[in-house]
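Sequence lines, in order, name chains A and B. Going letter by letter, the first sequence gives residues 7 to 115 in this note's numbering. Going letter by letter, the second sequence gives residues 16 to 885 in this note's numbering.
Don't take every hint at face value.
[Unchecked claim] Here are the computed lysine-lysine pairs in the DSSO-like style, where the Cα-Cα straight-line distance is at most 27 Å:
id, chain 1, residue 1, chain 2, residue 2
1, B, Lys329, B, Lys673
2, B, Lys518, B, Lys673
3, A, Lys90, B, Lys334
4, B, Lys100, B, Lys492
5, A, Lys96, B, Lys492
6, B, Lys693, B, Lys522
7, A, Lys76, B, Lys329
8, B, Lys816, B, Lys875
9, B, Lys334, B, Lys302
The set of hints was computed from the structure by calculation and includes no laboratory data.
In case you want the letters, here they are:
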Amino acid sequence: MVRTLLPGTLEMLILQTLRRGALHGYAISQYIQQTSEEALQVEEGSLYPALQRLLREGWVVAEWGTSSRKRRVRTYRLTPAGRKQLEREKAGFERLLAGISRVMRPAES
Amino acid sequence: MNPIARWLERRRVERELADEMAAHIEERIEQLVDDGLSQEEARIRAYRQFGNATLQKEKSREAWGWNGLEQLAQDVRFGCRVLAKAPAFTLTAIAVLALGIGMNTAMFSAAKALLLSALPYPEPDRLVEVWQTNKAGRFMAVSGPDFRDWRDQNRSMQYLASYYGDQASLSGDFAPRRIRMGVASIGFFESLGVPAVMGRTFSREEQRLGGTPVAILGYNLSQTIFGPGAQSIGKSVRLDGMAFTVIGIMPPGFDFPARAQLWIAQEPIPDPSTRSAHNYHVLGHLKPGTSIRQAQEDMNVIAARLAKAYIDDKDDGIKVVPLYDDVVGPLRPAFLILLSAVTLVLLIACVNISSLYLARGTVRAKELGLRAALGAGRGRLIRQLLTEAVLLAIAGGTAGLALAMAGTAVLRNSAPPNIPRLENIRVDASMLCLTAVLSIGAGLLFGALPAIAGSYTDVNEALKQGSGKGTAGPQMKRWGNALVVGQIGLAVVLLTGAALLLKSYWKLAHVDSGLRSSGVFTTDLSWPSGAGNSIDAAEVSRLSRGLLEGVSRLPGVQAAALTSTLPVRESGADGDFEIEGRPLPADPHQNPDAYYRLSSIRYFKAFGIPILQGRAFDETDDRSQEQVAIVNQSFVMEFFPNGDVIGKRIRFFGFDRKPQFMTIVGIVPDVRALGLGKPGSAEVFADLMQHTGSFLDATLVVHGPVSEQASVRSIVTSLNRDTPVEFQSMDEVIAGTIARERFQTFLLSLFAAFALLLAAVGIYGLLSYTVTRRTSELGIRMTLGAGRGDVLMLVLSEGGKLAATGLTLGLLCAFLVSRTLASLLYGVKTSDPGSFAAVALVFGIVAMLGCYIPARRASKIDPNVALRYE
Numbered sequence: 007m008v009r010t011l012l013p014g015t016l017e018m019l020i021l022q023t024l025r026r027g028a029l030h031g032y033a034i035s036q037y038i039q040q041t042s043e044e045a046l047q048v049e050e051g052s053l054y055p056a057l058q059r060l061l062r063e064g065w066v067v068a069e070w071g072t073s074s075r076k077r078r079v080r081t082y083r084l085t086p087a088g089r090k091q092l093e094r095e096k097a098g099f100e101r102l103l104a105g106i107s108r109v110m111r112p113a114e115s
Numbered sequence: 016m017n018p019i020a021r022w023l024e025r026r027r028v029e030r031e032l033a034d035e036m037a038a039h040i041e042e043r044i045e046q047l048v049d050d051g052l053s054q055e056e057a058r059i060r061a062y063r064q065f066g067n068a069t070l071q072k073e074k075s076r077e078a079w080g081w082n083g084l085e086q087l088a089q090d091v092r093f094g095c096r097v098l099a100k101a102p103a104f105t106l107t108a109i110a111v112l113a114l115g116i117g118m119n120t121a122m123f124s125a126a127k128a129l130l131l132s133a134l135p136y137p138e139p140d141r142l143v144e145v146w147q148t149n150k151a152g153r154f155m156a157v158s159g160p161d162f163r164d165w166r167d168q169n170r171s172m173q174y175l176a177s178y179y180g181d182q183a184s185l186s187g188d189f190a191p192r193r194i195r196m197g198v199a200s201i202g203f204f205e206s207l208g209v210p211a212v213m214g215r216t217f218s219r220e221e222q223r224l225g226g227t228p229v230a231i232l233g234y235n236l237s238q239t240i241f242g243p244g245a246q247s248i249g250k251s252v253r254l255d256g257m258a259f260t261v262i263g264i265m266p267p268g269f270d271f272p273a274r275a276q277l278w279i280a281q282e283p284i285p286d287p288s289t290r291s292a293h294n295y296h297v298l299g300h301l302k303p304g305t306s307i308r309q310a311q312e313d314m315n316v317i318a319a320r321l322a323k324a325y326i327d328d329k330d331d332g333i334k335v336v337p338l339y340d341d342v343v344g345p346l347r348p349a350f351l352i353l354l355s356a357v358t359l360v361l362l363i364a365c366v367n368i369s370s371l372y373l374a375r376g377t378v379r380a381k382e383l384g385l386r387a388a389l390g391a392g393r394g395r396l397i398r399q400l401l402t403e404a405v406l407l408a409i410a411g412g413t414a415g416l417a418l419a420m421a422g423t424a425v426l427r428n429s430a431p432p433n434i435p436r437l438e439n440i441r442v443d444a445s446m447l448c449l450t451a452v453l454s455i456g457a458g459l460l461f462g463a464l465p466a467i468a469g470s471y472t473d474v475n476e477a478l479k480q481g482s483g484k485g486t487a488g489p490q491m492k493r494w495g496n497a498l499v500v501g502q503i504g505l506a507v508v509l510l511t512g513a514a515l516l517l518k519s520y521w522k523l524a525h526v527d528s529g530l531r532s533s534g535v536f537t538t539d540l541s542w543p544s545g546a547g548n549s550i551d552a553a554e555v556s557r558l559s560r561g562l563l564e565g566v567s568r569l570p571g572v573q574a575a576a577l578t579s580t581l582p583v584r585e586s587g588a589d590g591d592f593e594i595e596g597r598p599l600p601a602d603p604h605q606n607p608d609a610y611y612r613l614s615s616i617r618y619f620k621a622f623g624i625p626i627l628q629g630r631a632f633d634e635t636d637d638r639s640q641e642q643v644a645i646v647n648q649s650f651v652m653e654f655f656p657n658g659d660v661i662g663k664r665i666r667f668f669g670f671d672r673k674p675q676f677m678t679i680v681g682i683v684p685d686v687r688a689l690g691l692g693k694p695g696s697a698e699v700f701a702d703l704m705q706h707t708g709s710f711l712d713a714t715l716v717v718h719g720p721v722s723e724q725a726s727v728r729s730i731v732t733s734l735n736r737d738t739p740v741e742f743q744s745m746d747e748v749i750a751g752t753i754a755r756e757r758f759q760t761f762l763l764s765l766f767a768a769f770a771l772l773l774a775a776v777g778i779y780g781l782l783s784y785t786v787t788r789r790t791s792e793l794g795i796r797m798t799l800g801a802g803r804g805d806v807l808m809l810v811l812s813e814g815g816k817l818a819a820t821g822l823t824l825g826l827l828c829a830f831l832v833s834r835t836l837a838s839l840l841y842g843v844k845t846s847d848p849g850s851f852a853a854v855a856l857v858f859g860i861v862a863m864l865g866c867y868i869p870a871r872r873a874s875k876i877d878p879n880v881a882l883r884y885e
């Protein structure tokens, strides 16, 4: 179980999650937990500062709507700039992962 | 969205965020209840999973960059509240800062206008003043023939122009007035590179000898005599009675040389006999790429050539100096001293506030401790204290700026008229910035030290202490003492400087000038010139005689006289002469020389100067008789040490067209003719009426009541309507000659008084604070039998020790630095024991006063109250 993420990773996960369509905060956290099969146990609240940062950068936009449970919620949608950012972060992340892997399994290289 | 709009929107954004988070948690609870948990368990689990909502809100806010601003706003709000709760401290600090910053801004604005800014001409770096130097290296004005040779032979100057400042009577269709004018040769305006704002400068034709008489007016003069916006080009004005046509108006602020208001063209006459008449100043405009040094070398060649060719130039050299140095140089020493003094004042002010602040900081230790206990980090505490300091500095700076504006207005209006470029003094944008930097800088300076000390507060200690008793350890105490001693020392240095200048000024102002100045008034006069700017001797004679007879007849007038130059104000001319029967030395530089002045009958009577031997001028001395002269004692001592001077004959060379021998008929005592600070030197008085062919300008001297001035004026006007009359009492004339000394003494005394006040406040503040802190200790002492006198002495001796240390250090420093004042002092040594003693005395009294008030308060302590003081 992972409790702390690398800095910036949460933003990447949110962007990735939003690729499939607009979601509200709760749904985003739900999706991340389920998809990671509960491996990533991040404090749910930390989602919100991350979302604010994404809003500020213009990578997501938000609008108020109604959830499936008839609750007033704010849903977030990816912008084209956010999509580009996601590609950049993914590429960077994969390079990082590859690098880490090579260090961790030196025998195979 | 821009940051400001976002900032304004932040309340809404925060509310939405809170709603959003609440909705999230509710949704989670619902989910968990659906999963089968109880409501209570679901709530606990949901909150745990969500984490610290407040922290997340903080972090979200940080995402928008609001935190810094918000904390700043908080610090500012809190700072204002703290300062408002201690009005005595706050007002003292603001007043001290305002005065310090205000004085500095005013002085530095003046410095900028006078010293720092370049000359207001297009190529100031290429402008030079060219001087002739004598054997001793002293600068001299230049003769016409020498100037013409320089101009023809030099290779380094694009332009070389002669000029001099003069005064004249200006008349026309307006009330006649005296004006300052510049008399300029070809190349003058080209050198400076300043074009006329209306009309034009001189043409070649107008500048040649005997060219059309034309004049260029200064902007202000044109506005004054013709009215604002009036068409003045082409109008006719009369200068000393001669008609000139106005061809141009110079831009506002152009007043070279010597604050000139009008310019006329005049080429030096190419008369070889005038090579020893040093009448002109010379302005040069270097060729592009030529340095001052190259120009100097070029001029050295010319000087050597002229020295060989002409006996008059035998020992003379040429010196090229930047025009800037020439204009500003003489002012620099006094100004730098005043600037250092005012900087010291600001420094003292900062130290003063720093010590006030430090004392308060220790009193505030409890509050700071509480804040630390509630979670404020050291950084936050330092920031809080610094914010307060900067708030104070800004308030002080704003008030200081207002003071500076008032101060520069005072400087503009009260400074003596012989300081150039003074009208340029104003608090400008850059000075505004300086004020801001100074105030913030001062804030940090006096805030930083106490803030750091404050942030070391030990929470436990601070909270355990009772109120009113800080945690000032011995270190803080020593630091506070050092600050007070420092202030006292600096103030004593300033005070000593002021004492020296005051004594010097007092001596200067009380020098016996040797002539009666009270009850005497004067006016400068210019008689009209005849055809072709010549002097009509008969007309001058008629006018002078008419004036003297008319004024002497006025009932209140005891004596009226005319003189070519006014003693004390002007040295008069000096010239070489020969004594009948004594061979002239081979080297003309060894000729006897003396100052000479043309004076009418009753000149000595008007000024109350006794005739020591022989007689004064009388009615029988006129042009038909043999010329007579009166000499002063210095003259007798220098040239006739045996005293047998009456009846001897002397002849000045540069006097009249055909100089004649004058018989010495009287001896008068020396007066301070060259200025109050200068001892008399050999002087010769010639009878004005015997030389009416050699002057147009004269000064009327009247010993009589001021009520006769209107009658005198109408007599002058009836004789010549173009002659302006502007009365000045002789006392004013003499005061005017030491205006600069008075001004610098006034400023330095002002600074010193302020420094003294600050030092007194500093010592008072420290002792008051000590007494407050030691109230219970003093109470115990009194309970144990200490008398009121003992307590009084206890506190007094603490203050006295500080004052004595500061005073000793200050006097020592003053002794070391006072020699920088030497050039400003008259008749006072820089180590003058009297001044030092006076400083010690004055300072001692003020310091004792500063100590006595808190000491008295300490001795009035009621032991009962004091012991309960905790």
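Evaluation of the provided hints:
no.: 1; hint: Lys329/B with Lys673/B; in the structure: holds, 26 Å
no.: 2; hint: Lys518/B with Lys673/B; in the structure: violated, 49 Å
no.: 3; hint: Lys90/A with Lys334/B; in the structure: violated, 75 Å
no.: 4; hint: Lys100/B with Lys492/B; in the structure: holds, 24 Å
no.: 5; hint: Lys96/A with Lys492/B; in the structure: violated, 62 Å
no.: 6; hint: Lys693/B with Lys522/B; in the structure: holds, 12 Å
no.: 7; hint: Lys76/A with Lys329/B; in the structure: violated, 112 Å
no.: 8; hint: Lys816/B with Lys875/B; in the structure: holds, 22 Å
no.: 9; hint: Lys334/B with Lys302/B; in the structure: holds, 17 Å
Comparing the model with each earlier hint shows violations of hints 2, 3, 5 and 7; every other hint is respected.
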